[in-house]
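Novice: Read off the chains here:
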Amino acid sequence: MGSPILFGMAEVGYFIAMMVYIGYFIFKNNATGVCATTVATAAFLSQTVALLLRWVESYSLGIGRAPLTNLYESLIFFVWCLMLGYLIIEFKYKNRTFGAFVTPIAGLALGFIDLTGISKEIEPLVPALQSNWLLAHVTMSFIAYAAFAIAFATGMLYLVLNTEKRNESSYIFWTVAGSIFLLVIAAMGADYLKFKVIGTSPEHIKSYLFRATFRSDSGFTALLSWIGALAITFSVWRYGYVLKRMIQSFGISLEFLEDLNYKLIAVGFPIFTLGGLIFGAIWADQAWGVYWSWDPKETWSLITWFVYAFYLHARYLRGWRGNKIAVLSSVGFITVIFTYLGVNMFLSGLHSYGGS
Amino acid sequence: MADTNIEKKKTIVEKIWKFFTSVKLAVVLFAFIALSSIIGTVIEQDSRPEKNIKLFTKMFGADNAQKAYKTAASLGLIDMYHSWWFNAMLVLISANLIICSVDRLPRIKRIVDEPVKPLETPEFDKFGIKKELTLECGMEDAKTKTLAALKKLGFSPNTHQSGKDIQIYAHKGRFTRYAVYVIHFSIVIILLGAVIGMTWGFSGFLILPEGETSAVAYTRQGDEHPLGFSIRCDDFAIWFYGTSDMPEKYLSWLSVIEGGVTVLKKTIGVNTPLKYKGFTFYQSSYGAVPAKEAKSLIILNITPINGKTEQISLPVGDSFKIPDTKLTGKVIAFSPALAFDKDEKPYTYTENMNNPAIYVEFNAGGNEKYSGWLVKRYPQTWDLPDGSKVELVDNWGYQYTGLQVRKDPGVLVVYAGCLFMTIGLYCAFFLSHKKIWVLLQPEKAKVKINIAAFTNKNKTGYEGRVTAVFNGAFNGAFNGLTPKISK
Ligand code: HEM
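As given, the protein sequences belong to chains F and S, one line each in that order. Using the working numbering, the first residue of the first sequence is number 42, and each one after it goes up by one. Using the working numbering, the first residue of the second sequence is number 515, and each one after it goes up by one.
Take these hints with a grain of salt, some might be off.
[What the hints assert, rightly or not] Below, simulated PhoX-like cross-link-like pairs (lysine-lysine); rule was C-alpha separation at most 25 Å, straight line:
| no. | chain 1 | residue 1 | chain 2 | residue 2 |
| --- | --- | --- | --- | --- |
| 1 | F | 161 | S | 903 |
| 2 | S | 686 | F | 304 |
| 3 | F | 365 | S | 973 |
| 4 | S | 686 | S | 631 |
| 5 | F | 133 | S | 971 |
| 6 | S | 973 | F | 304 |
| 7 | S | 840 | S | 822 |
| 8 | S | 538 | F | 365 |
| 9 | F | 365 | S | 903 |
| 10 | F | 304 | S | 840 |
| 11 | S | 921 | S | 779 |
| 12 | F | 304 | S | 971 |
| 13 | S | 686 | F | 135 |
| 14 | S | 973 | F | 135 |
| 15 | S | 840 | S | 903 |
| 16 | S | 644 | F | 133 |
| 17 | F | 133 | S | 973 |
Hint data in this document are derived by calculation from the structure and do not stem from the laboratory.
Make a model of the complete structure from these sequences and hints.
Specialist: Given below as structure tokens:
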């Protein structure tokens, strides 16, 4: 069995796990919960083997390198770290509720890979990328990103539980951010159905992302999608309390969520500083002769760093707690997503991942 | 008169001081840096004007593009990381960080310097982490076990006896309270290093064809910058993955020449630069030298049937003999990247040395015998019909190596700052200031044990560890004690 099959199995597994976690969330049936964990663990194991196999395969292709060097591989590694982190927390705290919040992040990353037509080939490395500093840089950055992603999930959960009024800014924040998340996943699902399952893939298009909805060739479909999106956002905002009721019955304490949120950031922040910023600078210094060149990716990493530094200062100096801090941690992860994907899509720079 | 003057002065200084101790200022400054660097990712920095004019044309229309560019340039938006206001911002941040730290240090120092003292009995109730238990054992026994437990927790315990009661107490990690200041200090150091680099450093490039020597490098604007020594490119070579056009590695063989003597030779690659007298030479690009400038040579390995291999080099147009035969070969043409179109006609698909090949005509006694392309990548093209072999080993003088040249006296300072930051982060996030007190009071044949503990971080983790270690020392006696959480 080659790594693509196992990756495929893991991908399907994570999607099923996502559904089952959401099912558990709705029906609160313990057997469903166990099932969700089992599927997620199996998918995780399959992905672990796939990662190792890909590593071995690269040797048999005469390239021989850790599978961490292009956009595809880094997204896969991110999902792996995310699920590992999540499963550890699930086992440690015996709490499955935010599985329904974490697995969609994994689904989002995997869907992005499939729909934007990112190359999955094991490609040889251009000389600049043949560096152990780069390897350390990428590995640590994604471990930190995974920690930030789980912090994001806990932050969102916190906001759902701790907001009441519809005109409260934290309530508006979580309903809008949550809707965007939901819509992106739904739109990806539509793309997937239209282009991969029913199979009307137009040959000339490289990226299917949002082609079935927001970026559809038919202006009518596109318009309808935008209207639908607004309607969905509005209903999430209008009926957000339903979600709150559902979660409340699990009896998760707010202190637990806040504490976990802080712990994840307190681990992610130093790792990100060392791996993401310092090792990245050392690598750039060796390969290009500049330790900092203000290219878009670097700049956005720095902004991400500022946001989390702000989080820490707000907590320690101003004693911020509760909603404000949960919003900050979510904003942090949104900057992470932009650093990672937005920069690739909208801005150019020396980072090699831009090419795909 | 003098008095009021001093007083007035003091208030101004105080005001400025107060201004810089504000953390709000830090937020404003960092937000400003973030915002301007976002603009910096949209407007390409330090690049050719055409690129940004194109961008402005898209944004403001063709009519206003020139004007927008001029405005942006005068605001320093085109080269903002060298603009006065960006650097002023960095100075303000440093001042903010330093003054903010100095302002708070005395308070932290007081906490750090405070010795641990035995507690009064009622004070045991005030702590977030506390345990209370009565055990059947002797005082001496309890004392030894407690001392062992505290040692295991990493403390060096003190003992205090008052009446029959014994109190054992300790603290550790108080210096980690300074870690945050190490982090802030490291930011100042990094900024300092960056400024040193910008002020006394040099950043430029050098295009050096194989065989050429240069005593200068060039700035981005094209001005010469003397190196104080000469550098020569002895050779350049590139390898590709298999028969693809994806470079696997490229290397330059460089020599440093000072006073006519070669003082250093080094082969550099993309992640392995050459350093000499403060300058660093990075392998950054490569390319083909325009043909007429090249004093170029073709290098061949010639192996006659059953003969010994012999290496020769010759320019295009010259002939060579194959030893022990009547054959002579004449190199007619060179192609850096040979390909054939669909009519089997040869052409060169890039100026780079992706697929070097030579066209050779072989003659014997004045008659043309055969001719064809010898291709470096394809060994099967090296075999001649008569059984001898002509290998295209290399070509020399056709390529240049592109070197990024940098002198940055600040880089070590920056790295020192990074190191401080790493240490500071480790201490700030993974270590903490911990205290513990254990009070042992005899109660008939039993001992009442009271534990109070404090940490400035990760309370639950510390509590778990204390419980586990005491459980180990007292055979699991602390197992049933659920943590009491108090504010
Ligand atoms: C001008 C800018 C800054 C000012 C004025 C400032 C000020 C402060 C102050 C007053 C504290 C509290 C120290 C204490 O406990 O006594 C603090 C904590 C801290 N600062 Fe800053 N800071 C600045 C920038 C930064 C930056 C850029 C970083 C790195 C990202 C940073 C990282 C930290 C960390 C990690 C803490 C510790 C928070 C904790 O205890 O978890 N600071 N800062």
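Novice: For every hint, state whether the structure bears it out.
Specialist: Right, here's what the structure says about each hint:
no.: 1; hint: F/161 to S/903; in the structure: violated, 42 Å
no.: 2; hint: S/686 to F/304; in the structure: holds, 22 Å
no.: 3; hint: F/365 to S/973; in the structure: holds, 23 Å
no.: 4; hint: S/686 to S/631; in the structure: holds, 13 Å
no.: 5; hint: F/133 to S/971; in the structure: holds, 20 Å
no.: 6; hint: S/973 to F/304; in the structure: holds, 12 Å
no.: 7; hint: S/840 to S/822; in the structure: holds, 16 Å
no.: 8; hint: S/538 to F/365; in the structure: holds, 17 Å
no.: 9; hint: F/365 to S/903; in the structure: violated, 77 Å
no.: 10; hint: F/304 to S/840; in the structure: violated, 82 Å
no.: 11; hint: S/921 to S/779; in the structure: holds, 19 Å
no.: 12; hint: F/304 to S/971; in the structure: holds, 10 Å
no.: 13; hint: S/686 to F/135; in the structure: violated, 33 Å
no.: 14; hint: S/973 to F/135; in the structure: holds, 20 Å
no.: 15; hint: S/840 to S/903; in the structure: holds, 14 Å
no.: 16; hint: S/644 to F/133; in the structure: holds, 24 Å
no.: 17; hint: F/133 to S/973; in the structure: holds, 17 Å
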